[in-house]
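Fit chain B with the ligand to the given chain A structure using the hints.
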Amino acid sequence: MNAQQERAVERILERVEKPARYTGGEMNTEVKPWEDTEVHMAFCFPDIYEIGMSYLGMKILWSIINRLPYAVCERVFMPWTDFSDALRREDIPLFSLESRKALRQFEVVGFTLQYEMSFTNILEMLDLGGVPVYAADRAETDPLVIAGGPCACNPEPLAPFIDAFQIGDGEEMMVEFLDAVRDCRREGLSRRDTLLRLAQIEGVYVPAFYRAEYHEDGTLAAFYPIEPRVPAVVRRRILKDFSNAQYPDKFPVPYTEIVHDRIVLEIMRGCTRGCRVCQAGMIYRPVRERTMEKVLEHAENLETSTGYEEMSLSSLSSGDYTCLSPLILELMKQYRDKRVGVSMPSMRVDNIVKQSLEELSKIRKSGLTLAPEAGTQRLRDVINKGVTEEDVLRAVTDAFESGWSTVKLYFMMGLPTETDDDLRGIAQLAQKVVGAYFAVPKDKRARGLRVTCSASVFVPKPFTPFQWAAQDTIDVVRVKQSALRDYLKIKGVTFNWHDSTTSYLEACFARGDRRMAAVLYEAWKRGCKLDGWSEHFRYDTWLEAFDAVGLDPAFYANRERPYEELLPWAFIDMGVTQEFLRRENERALHGRTTKDCRQGCNACGIERYPGVCPNLSMPPRKVEVSIEC
Amino acid sequence: MKMWIVLEKRPRIRFIGHLDMLRTMQRALRRSGLPVRYSNGFNPHMLLNFAAPLSLGMPGRREVVEVALAEDVSEREFTERLTQSLPPELRCVRCRAVDDLHPAPMALLRAAGYHFELTEGEDAAGFVRFLPEYWALPEIPAIRKTKTGEKPCDLKPLIHVLQADGAYAFDAVLALCEAGTCKPDLLLTSMAERLGISKPEALVTRTQLFAERDGKLIPLEEA
Ligand code: SF4
Numbered sequence: 001m002n003a004q005q006e007r008a009v010e011r012i013l014e015r016v017e018k019p020a021r022y023t024g025g026e027m028n029t030e031v032k033p034w035e036d037t038e039v040h041m042a043f044c045f046p047d048i049y050e051i052g053m054s055y056l057g058m059k060i061l062w063s064i065i066n067r068l069p070y071a072v073c074e075r076v077f078m079p080w081t082d083f084s085d086a087l088r089r090e091d092i093p094l095f096s097l098e099s100r101k102a103l104r105q106f107e108v109v110g111f112t113l114q115y116e117m118s119f120t121n122i123l124e125m126l127d128l129g130g131v132p133v134y135a136a137d138r139a140e141t142d143p144l145v146i147a148g149g150p151c152a153c154n155p156e157p158l159a160p161f162i163d164a165f166q167i168g169d170g171e172e173m174m175v176e177f178l179d180a181v182r183d184c185r186r187e188g189l190s191r192r193d194t195l196l197r198l199a200q201i202e203g204v205y206v207p208a209f210y211r212a213e214y215h216e217d218g219t220l221a222a223f224y225p226i227e228p229r230v231p232a233v234v235r236r237r238i239l240k241d242f243s244n245a246q247y248p249d250k251f252p253v254p255y256t257e258i259v260h261d262r263i264v265l266e267i268m269r270g271c272t273r274g275c276r277v278c279q280a281g282m283i284y285r286p287v288r289e290r291t292m293e294k295v296l297e298h299a300e301n302l303e304t305s306t307g308y309e310e311m312s313l314s315s316l317s318s319g320d321y322t323c324l325s326p327l328i329l330e331l332m333k334q335y336r337d338k339r340v341g342v343s344m345p346s347m348r349v350d351n352i353v354k355q356s357l358e359e360l361s362k363i364r365k366s367g368l369t370l371a372p373e374a375g376t377q378r379l380r381d382v383i384n385k386g387v388t389e390e391d392v393l394r395a396v397t398d399a400f401e402s403g404w405s406t407v408k409l410y411f412m413m414g415l416p417t418e419t420d421d422d423l424r425g426i427a428q429l430a431q432k433v434v435g436a437y438f439a440v441p442k443d444k445r446a447r448g449l450r451v452t453c454s455a456s457v458f459v460p461k462p463f464t465p466f467q468w469a470a471q472d473t474i475d476v477v478r479v480k481q482s483a484l485r486d487y488l489k490i491k492g493v494t495f496n497w498h499d500s501t502t503s504y505l506e507a508c509f510a511r512g513d514r515r516m517a518a519v520l521y522e523a524w525k526r527g528c529k530l531d532g533w534s535e536h537f538r539y540d541t542w543l544e545a546f547d548a549v550g551l552d553p554a555f556y557a558n559r560e561r562p563y564e565e566l567l568p569w570a571f572i573d574m575g576v577t578q579e580f581l582r583r584e585n586e587r588a589l590h591g592r593t594t595k596d597c598r599q600g601c602n603a604c605g606i607e608r609y610p611g612v613c614p615n616l617s618m619p620p621r622k623v624e625v626s627i628e629c
Numbered sequence: 001m002k003m004w005i006v007l008e009k010r011p012r013i014r015f016i017g018h019l020d021m022l023r024t025m026q027r028a029l030r031r032s033g034l035p036v037r038y039s040n041g042f043n044p045h046m047l048l049n050f051a052a053p054l055s056l057g058m059p060g061r062r063e064v065v066e067v068a069l070a071e072d073v074s075e076r077e078f079t080e081r082l083t084q085s086l087p088p089e090l091r092c093v094r095c096r097a098v099d100d101l102h103p104a105p106m107a108l109l110r111a112a113g114y115h116f117e118l119t120e121g122e123d124a125a126g127f128v129r130f131l132p133e134y135w136a137l138p139e140i141p142a143i144r145k146t147k148t149g150e151k152p153c154d155l156k157p158l159i160h161v162l163q164a165d166g167a168y169a170f171d172a173v174l175a176l177c178e179a180g181t182c183k184p185d186l187l188l189t190s191m192a193e194r195l196g197i198s199k200p201e202a203l204v205t206r207t208q209l210f211a212e213r214d215g216k217l218i219p220l221e222e223a
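Protein sequence lines, in the order shown, are assigned to chains A and B. My numbering applies: residue 1 is where the first sequence begins, and numbers increase by one. My numbering applies: residue 1 is where the second sequence begins, and numbers increase by one.
Looking at chain A on its own, in the form it has when it is part of the complex (with noise of 0.2 angstroms):
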């Protein structure tokens, strides 16, 4: 950036909402010399800075890439409009928060994939930041726009703007990735054939090197490699060692306030409990756990480097972390004089012992946060949700005994096989709840009793069970809506929905082919951005985007596919495959549950690659129920 724009930057920085978002220089941030190394990576986010910063996965890759000796990794966030705005009038690309940079600079610009929504702000990033947004109108000098996380298991949508995506864990895979980056740099080789080398990479899919071919009906025909050297099938990448794999010993730690502003060490990877409307359930198999040496380990160094005064627990299902008791208890014990906190989001109602939640609650009295997803016992069992109804109030019961008195209950609606009598289930279930508090005599229990009901709308995803599902049409769920908040008229309790025409985008997107990238560029051409921002999100114009292109959202959404079609995302391998999601499915359509595989394998598909699933070696186990999740 010239001197002229550093001016301008400052004179919009004046004017914007929390300039702090852009200025960066932040404790434990400084990176090497943009002069001393071959590669430098922009690493993207596409949503704003408190939203991005809270991530974890950004934090662990940024710190993999700078300790590697040729590389810089830089961060890039979404702006707002305001800031967005004064950009393009003063004619000065979106850059870097360490270097101040412009994304166009960077030979590697990657962007993570956390939700649907923040699809449009990839495009827009990639403009102002002066990339070309379509992979085919880049030039030899334009950066290598990557892409990964939970939603690069689809990657179809994405395809045209992305040079290559990375598919599942990306600590070992992004060094070799840019291991081979550098080294093609180095033997100057093009573009296309930088790109070639990269799809060898396991893990890595470059879609320019493959064709998709549809029916006369809209549904996809074939999808294949046009380039031989390519592999058909591109299998996920999967960590092995993940007890020791790098993890950062340092968080940048912001000036301002972000959404989760604490240490946050990630005990486990994956999880064994199987619940069919779960896609990180099914696509972060099979469950790895950090040996409690570890997680002490990074806490220690975090404490030092940070000095947050509070830390929590990452993972998807805290609660069947082998150590989790006697974890809790050598956190509390050795950070207790420091004064840090520690925190988990969710409790297991079971096993962690009852002295310990009481000592939890002389730190932080949080609200409990349940999910028993569906309100019957019989849909429970459809999604394999293991929770029962007395799990639930003996949870609840528990919690109130111990000093809450806020709970808060989460829901699905528009789940497969969902009758009225589903949604009544939920309104008794919270009527229960606001009774087992007052069983709890008035003299133990905390006063101002609030159970808050959020049922959000069923968004079927790809490499679940329901990945062939109809989602229910948004006119069903309105009336779903309106009936639940009839049911849920009772004294103290709150009722929270979803705005059902984002998850209709969600499931749009979360299924879709690569024809739905021109409904996003379309959509984005007029003017979405920041979707996942409600006073942003404009409805109508998806629905001109997709007008405009000729597609129709039901047909992504709303269809029911039948197991002979070729999904979009087939071509890869997750690890769990096609014939165990449609055995689940089976036996979901059937109200079968089926057991958390530490009781017995499943057979889910990654017994397939010996010594990758850690259950296998391990004697059946007895598993507590789970309902934090």
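None of these hints come from the bench; they were simulated from the model.
Stretches of chain B that chain A covers, calculated by requiring three or more beta carbons in the stretch to come under 8 angstroms of a beta carbon on chain A: (1) 13-19; (2) 26-34; (3) 87-101.
With a straight-line Cα cutoff of 35 angstroms, these simulated DSBU-like cross-link-like pairs (lysine-lysine) come out: (4) A:Lys-18 / B:Lys-151; (5) A:Lys-333 / B:Lys-2; (6) B:Lys-2 / A:Lys-18; (7) B:Lys-199 / A:Lys-101; (8) B:Lys-2 / A:Lys-250; (9) B:Lys-2 / A:Lys-338; (10) A:Lys-18 / B:Lys-147; (11) A:Lys-408 / A:Lys-595; (12) B:Lys-199 / A:Lys-18; (13) A:Lys-250 / A:Lys-240; (14) B:Lys-183 / A:Lys-18; (15) A:Lys-442 / A:Lys-489; (16) A:Lys-338 / A:Lys-408; (17) B:Lys-145 / A:Lys-18; (18) A:Lys-408 / A:Lys-442.
Derived, one-sided and incomplete: chain B residues facing chain A with beta-carbon distance under 10 angstroms: (19) Arg-10; (20) Pro-44; (21) Thr-119.
The structure displayed is predicted, hence computed values, not measured ones. Cβ atoms here follow ideal geometry from the backbone N, Cα and C, with glycine treated the same way.
Only chain B with the ligand this time, still in chain A's reference frame:
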């Protein structure tokens, strides 16, 4: 004992607000492992206070921060350990140990020095040329905006120094205490009004804080 920290807040983080600065200093002190004293009571907090919050957008060269200590630490050790644990855009200029009974910096504060850098141009040059004439006025009526409304006041006694620094910049020392305060912005507005132009764009840096001894201003950090 208490330690006075003279702190530089660099321009890059001039948009970090006061509450965020407090939290940032608390975290830096926690990282340093220095024996900071906490308040008693149910929710103990670090005994840390700034002489005067900086307005949003203003860098500070020598801000004064006081922190109470649970054990004595030498100035040198304190400076070293704090320096290592400060974020890159905050710098510990120096430290000074004071007695527990020493008044808080906030109580001693009387005035602050500012450096005004105007956007270069003919308007800016005219503005700077106008300084002597403006300061020579016998009184300078102005409207001060306070929490309770607008109040008429005389700026003249609130301006201690007003001096050009080259063609487009100048320095001022302005009162900053209970008895009367002239904010840099008010000075710019008042001068602009008299010149009949709109308020010029300026990057204002707070360069120094002052206390008073024997009727003279002395650097706060020495008081
Ligand atoms: S291979 Fe078996 S034990 Fe391992 S995750 Fe899959 S079902 Fe569970």
